[in-house]
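Student: Protein sequence lines, in the order shown, are assigned to chains A and B. Taking our numbering, the leading residue of the first sequence gets 1, the next gets one more, and so forth. Taking our numbering, the leading residue of the second sequence gets 1001, the next gets one more, and so forth.
No lab work stands behind these hints: they were computed from the structure. Please note that the accuracy of each hint is not assured.
Unchecked claim - Not everything, but these chain A residues come out facing chain B in the computed CB check (under 10 Å):
1) I5
2) A30
3) I60
4) S90
To be verified - A short, non-exhaustive set of chain B residues, derived as facing chain A with CB atoms under 10 Å:
5) R1018
6) S1048
7) P1049
8) G1078
9) Q1088
10) Y1089
11) H1105
12) I1113
13) N1132
14) F1151
15) S1182
16) T1183
17) K1186
18) F1190
As the list claims (entries may be wrong) - Covered by chain B, according to a simulated footprint, are these stretches of chain A (three or more residues, beta-carbon under 8 Å):
19) 13-25
20) 45-57
21) 80-88
Note that the Cβ used here is the ideal one computed from N, Cα and C, for glycine as well.
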Amino acid sequence: MTRAIETATFLSITSVIYFLLLFKFVPTPAIFQEKILPVLPWWSLVSFGAYSLGNIGYHIFKFRDCDDAYFELMEQIQEAKTELRAKGVSIDND
Amino acid sequence: MSGSGNKYSVILPTYNERGNLPTIIWLLAKMFKENNLSWEVIIVDDASPDGTQEIAKQLSNVYGADHILLKPRAGKLGLGTAYMHGLQYVTGNFVIIMDADFSHHPKFIPQFIKLQKAKDLDIVTGTRYAGNGGVYGWDLRRKVISRGANFLASTLLRPGVSDLTGSFRLYKKPVLEKLISSTVSKGYVFQMEIMVRARQFGFTIGEVPITFVDRVYGESKMGATEIVQYAKGVWQLFTTV
């Protein structure tokens, strides 16, 4: 089952359940039926949008910059080149 | 050399890496020696015009032909086939794949190995996005794109790993063989496909935070074309895997 089919299946099943409830094939308490059910899809969409933006924003905020890794690497590159040049490897000067 | 009988093979695809190759080999050799591990590096060079192969042969003389193997190819033939080509010569029971341009630092390999042993994992992947992971050299725009792209892929593909396009990984040899033979994509979509399929096959995957130093020399491209290609790649995986 591909990811696409999995997703489509999940969406189909939730849609069927939703419409069964909306068209009163399955009885539900009045307040749920009148106030909540009709707006549920939009609420879900907006919530998902908010969650997405929040998630992306949060992770961008927490993105770690590792300057120390860069400096350590620069030192090691010099060390490596010196040692290998002495052992006969043709290291370019740059 | 190492009491546990494990041998670690690094497959290093190269194209015009004459400048970087000596240092990356030096870092790998140092790390393997310091950790008392049995090792080899298989350099798969795609007929680089800058003399990469000559450097590889010199390094083979310094470190021994049993440690540094040069297995060149006739032309630029792509990453997936480079791994397949390298796999033929692997004599270890674990395979490490990584980039030769310093974005991946060998100092994390012992951590990969430790995690793998602790839980007998099939795959250990480096992640830039979780724990102590991080990146050097990305401006805000790049971070936004990267994070957005990762979110898109994670939502659609639900791979169970935090860094889907990362290519710094340790595999059990039979696991990598099975995965490569079942992937069809090219480029970095190939790296994503491997992870998604690994999940499908039920392989156990662990993550180690890594620091990623992007493009020590020069800037890496991430323009509109690349973004569109990425989205296409994610869609392709969504509908076929």
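Student: Answer holds if the nearest beta-carbon of chain A is closer than 10 Å to that of S1182/B; otherwise answer violated.
Tutor: Status violated, d = 14 Å.
Student: Please verify that hint: K1186/B, Cβ, nearest Cβ of chain A, below 10 Å or not.
Tutor: Not OK, violated: K1186/B not within 10 Å of chain A, min 19 Å.
Student: Next item in the hint list is S1048/B. Is there a CB on chain A closer than 10 Å to its CB?
Tutor: violated (14 Å)
Student: Should the interface hint for I60/A be scored as holding, given a Cβ-Cβ cut-off of 10 Å against chain B?
Tutor: holds (5 Å)
Student: Quick one, is the Q1088/B hint okay against chain A at 10 Å, beta carbons?
Tutor: violated (27 Å)
Student: Does G1078/B meet its interface restraint, that is, does its C-beta lie within less than 10 Å of any C-beta in chain A?
Tutor: violated (24 Å)
Student: Given I5/A as an interface hint, is the shortest Cβ-Cβ distance to chain B below 10 Å?
Tutor: holds (9 Å)
Student: Test coverage of the stretch 80-88 of chain A by chain B using CB-CB distances below 8 Å; three residues minimum.
Tutor: Coverage by chain B holds here, the residue count being 6 at a Cβ distance below 8 Å.
Student: Let's test the interface hint: is any C-beta of chain A closer than 10 Å to that of H1105/B?
Tutor: H1105/B check passes; min Cβ-Cβ to chain A is 7 Å, inside 10 Å.
Student: Less than 10 Å between beta-carbons is the criterion; does T1183/B satisfy it with respect to chain A?
Tutor: Hint on T1183/B: violated, closest Cβ of chain A at ~15 Å, above 10 Å.
Student: May I ask you to test the interface hint for F1151/B with respect to chain A, counting a Cβ-Cβ separation under 10 Å as satisfied?
Tutor: holds (5 Å)
Student: Quick one, is the A30/A hint okay against chain B at 10 Å, beta carbons?
Tutor: With Cβ-Cβ at 35 Å, over 10 Å, it is violated.
The structure does not agree with the numbered hints 2, 6, 7, 8, 9, 10, 12, 15, 16, 17, 18, 19 stated previously, though it agrees with the rest.
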